[in-house]
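Number of protein chains: 4
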Amino acid sequence: MSDKLRVGVIGAGMMGRYHCETLALRLPGADLAGVADIDGTAAARAAALAPGALATTDHRALLADGSIQAVVIATPNDTHASLTREAAAAGKHVFCEKPIALDLAGADAALAEAGRQGVKLQIGFQRRFDPAYREARRAIMDGELGAVELVVGTTRDPRPPGVEQLRRSGGLFTDTAIHDLDSVRFLTGLEVVEVFATASTLILENAAAEEGFADTAAITLRLETGALVVISNSLRAAYGYEVSMEVMGDRGKIAVGYERQTAVRRLTAEGVRHDHVSWFLDRFGEAYTAEMAHFIDCVAGDREPEVTDADGRAALALALLAERSHREGRPLPAGEPACR
Amino acid sequence: MSDKLRVGVIGAGMMGRYHCETLALRLPGADLAGVADIDGTAAARAAALAPGALATTDHRALLADGSIQAVVIATPNDTHASLTREAAAAGKHVFCEKPIALDLAGADAALAEAGRQGVKLQIGFQRRFDPAYREARRAIMDGELGAVELVVGTTRDPRPPGVEQLRRSGGLFTDTAIHDLDSVRFLTGLEVVEVFATASTLILENAAAEEGFADTAAITLRLETGALVVISNSLRAAYGYEVSMEVMGDRGKIAVGYERQTAVRRLTAEGVRHDHVSWFLDRFGEAYTAEMAHFIDCVAGDREPEVTDADGRAALALALLAERSHREGRPLPAGEPACR
Amino acid sequence: MSDKLRVGVIGAGMMGRYHCETLALRLPGADLAGVADIDGTAAARAAALAPGALATTDHRALLADGSIQAVVIATPNDTHASLTREAAAAGKHVFCEKPIALDLAGADAALAEAGRQGVKLQIGFQRRFDPAYREARRAIMDGELGAVELVVGTTRDPRPPGVEQLRRSGGLFTDTAIHDLDSVRFLTGLEVVEVFATASTLILENAAAEEGFADTAAITLRLETGALVVISNSLRAAYGYEVSMEVMGDRGKIAVGYERQTAVRRLTAEGVRHDHVSWFLDRFGEAYTAEMAHFIDCVAGDREPEVTDADGRAALALALLAERSHREGRPLPAGEPACR
Amino acid sequence: MSDKLRVGVIGAGMMGRYHCETLALRLPGADLAGVADIDGTAAARAAALAPGALATTDHRALLADGSIQAVVIATPNDTHASLTREAAAAGKHVFCEKPIALDLAGADAALAEAGRQGVKLQIGFQRRFDPAYREARRAIMDGELGAVELVVGTTRDPRPPGVEQLRRSGGLFTDTAIHDLDSVRFLTGLEVVEVFATASTLILENAAAEEGFADTAAITLRLETGALVVISNSLRAAYGYEVSMEVMGDRGKIAVGYERQTAVRRLTAEGVRHDHVSWFLDRFGEAYTAEMAHFIDCVAGDREPEVTDADGRAALALALLAERSHREGRPLPAGEPACR
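Chains as they are written, first to last, in the working numbering: chain E, 1 to 340; chain D, 1 to 340; chain W, 1 to 340; chain Y, 1 to 340.
Incorrect hints may appear among the rest.
Coverage of chain Y stretches by chain E, computed from C-beta distances (three or more under 8 Å per stretch; other residues unrestricted) [to be verified]:
#1 129-143
#2 249-259
#3 262-269
Since the hints were derived computationally from the structure, they do not count as laboratory data.
The C-beta atom is built at its ideal place from N, Cα and C for all residues, glycine as well.
Isolated chain E, as found in the complex (with noise of 0.2 Å):
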């Protein structure tokens, strides 16, 4: 058996294709040992990037397997807690993409369980390792900025997830919101005391309107130190992919983001035009490689990982609570509970 952490993936659509790449070709202290899916298909393929890796569409083979140290949870977000637990319980370190959970019920069985059996709980948020956002958080926290007066933060997504990811997802605020939401507490090290959150339904048709998921939203955040935060979201945008979030201070601002993707620029007599990120794989690619090899680096060296299970579950709750803010129409203090 070889020195690397045998890790699998559980859940292999387009995030655990990705952590399998990842595992399989991009880290050389990793081994890819199997993949589990209910598609037998989608689990085979990724499989096949390893030599030897076990495809199966029970991830309790994986679980089951004493050679595999850690496994990766890249499932639909409503199974993410049970999932967690689960690997766990099996003594297996975790790798779970965000969200932990659709509620903090099943986020604290799942973090008690980890804490049990002492196996490492490492939450998917990629934008920590995004060297942008590193070197932003490395100069609010060094002072350069003073003290933090406000934030704005921006994500859209390009086009809108279907119905069935809607449902599993828990919608905006636990799906694409969180991310803001976790981004603020990392750039400022500052926690949020209120949230007022509002939401409407503009883009998204048929089924998944009827049933009511919001697609746009407005979330406003105040923090402890009274500095305020506006956050805005939305599941499409015409133009791409959009991620950003500026944090002002006394002495300047830092923005993090940015418009374009490649290097051409096309000027005409229409005017000067240039590509726009299209897609988050585009983004935030080397990120989302950077985060698994800290993972394996932290269960091979024996250290936490610096996106903790407590992160994660702050994350969950703020989200939460912006979207009972949202239903219920008023701002919220952050001890409330939230509205799941």
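Chain E is fixed; fit chains D, W and Y onto it per the hints.
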């Protein structure tokens, strides 16, 4: 008597002085006929821009001068309503700096008097005369974006005013945020149906802080179509003056605003560096001239100004509602009475 | 008689008209005293900008008017030298559009006459009055870049002039490239020791092409320190007007120029799009005003203009050398006689 | 034996090492079969990337290994021609870093041997595999710009090589400028008919300067249609690595290149600041991978590489002509024999 429009200016502070220069030097169709300021030296200095212009410490001297056809009101905000009413009663056309008043009763009385006297009344929302805002509005009205979904607005002043100016201006909502509130209506053509605002005092010190003036605000608006708006305001930005508004619809986004003032870029071992717009007159000098030209044209041609008194009242109503939302800590429907 | 400087303008074409507006409307220290143009209608229209200004088809009427202290020469290039000589002989201070002449003999005769009469002579290199060029020069002179190593200059007009204008302008080198040649001297403070130029006719058609006018040029300069310069010029750019200059030294680079004219950006499925500077007056309007203000100040205060007649001669010498280099197909040392 | 292409790498310096990583880690269709470097430690370190890869100090061990089908030559430039000839003679397909040789005789001998042996020979012009250059070429070939009129090219390295590397690289023209010379041919599809180059030694010191190596160059090219090109090169740019090329035609301009590396912007009282691309692997890492993938595909599928050996020879011929033009101080027609 020349066939130029003879205009008196009440208030010779920074903005009043700028309007005097515009009338005296930039607009061939206008004559600066007189300047009133309680500071007689300031009035005299401004009046010196035009041969024969009257300088006075009593604005009633301008109102009593039958050769003066119109007045510009550029005094502290708390005098706008009464001066507008007084000038209208004297039969003068009125260009009044924003806000038209500090409460709706004052605004309504001023509007009523202008209506009774049949004089023109234009409010100084200069952004409506900036080429970028005009182009953006035109494109949005032409349907270039499809249905509007999200708006992100930012106005940040380079440095806070003194406490005396704060007291007389009505504060952040009626003095600064009112620009964004008006720009949302101008760019989208949509009315606001709900307002939530929250604010902090992070920058102001001493008396200004003790009197509870806010310097940092986050505002969320819901528009009549369900489209959402987030606005952030600050009375200080270390990097200069920042004004931007992005409007996203289902076909794309139009962003108004820029960071660079001049054409110099420095590339050194520290990276690439350029300047930032540092002062509102650098950004909007031409717009201030254009709005005054429009006013002169409207009076001369007996046409209604594009910025109507109803626009001035609507923006004020939103600013007051935002302030009340902040004080009461809850979102308010647009029909609610405001806090003053 | 007022204590403003009374200035006559010879030539009421586009640039002459602009200078008339500056003198009549923008500069408090100057009076537009008269306008001469062989097109009497154009002269009358420009003279109407200032009450009492003389309109004439004969520039000698301006030169004969004892109340006129200075003249602006904005006629076709082939008349600059003789008009400057004539105006100086009449004791007028002279602001002459670039180039000072179309050959060095003409330039020298004009300079000599100005010297004999002790009148000021300023050449219209307006880029020297653009805030960006001034800031760049200041920084370079302060040693911010260390020793200059490389310069890249670009001037491209939006569309070519007609054949008649080409004939009278002396062509691409003396009319367009001369700006870059002067800017190299201005920004670096260094003299040119070798010139190589080559040019093509790719854009012009019919008579202009048949007469051999070049519309596209590449110029290489060697400066006295061994620093190198590449310049590209074109009489047409489909996207608008393009002027930039980058100066690199051992500590970094300063780049002057920008692409965006206004503050609107569009983001759609086709990418991100913004406008481009479309016309030289959009880019340099303020610089044209500033150079005229400087001329008025210099005459009023009896100071030498910053753009000396020697600067005008030096740039012309380089432009003529570039043209000769192009014709002879070889690099030429700066001391060489030019081709005309 | 696997059906992956077994590739040996000759030269384990920075570029050789990068190619080793690509073959071992990034390309599923290739196996890193061995590494040769006169520095045995470097060879061993690189070979350790792939299990079972041979490490040797004698490249002939790779050429003698019948299981190795192709070699990558990433040694000093002065060995490229002889190693290519030797590898081709041994029946290996060859990927050779630019330049193919340091003189045309060497290039021709290498090309002839590859032809005789029927092996593929691809030259390492990685810019041709950068998405931006490819998109620009595609657009230009599709006629998006109309007829090409002007090209402005820039390549500046962050810091100069040591004297030993200069001696073996052939200097600025064959090592750096050759990229721009190739890119002109690639982007425009046009051939060069005249070259003028001039160069200076402004940066290099001590032995490198004493031996007369140039570090700063300006190159003018005339293309077969009369279109003109200006290129500037430098061996040092304090702000980082700069590569750009702008191609202007009668319908507009396409500009390839960018300044920003990461997504962070800082806005402070000093202005707006962001980073700059600092190193060629930051800018072209993906392109280096893509060119190697292309080579592997071509060998595996028995197709001619897109970068032909004739492309490698043509760029070398231009680089040598530029150097001769610089030495002789005159423009040279493209047919002229070069200086070496």
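Here is what the structure says about each hint:
no.	hint	in the structure
1	129-143	holds (count 6)
2	249-259	holds (count 8)
3	262-269	holds (count 8)
In terms of the numbered hints stated before, the structure departs from none.
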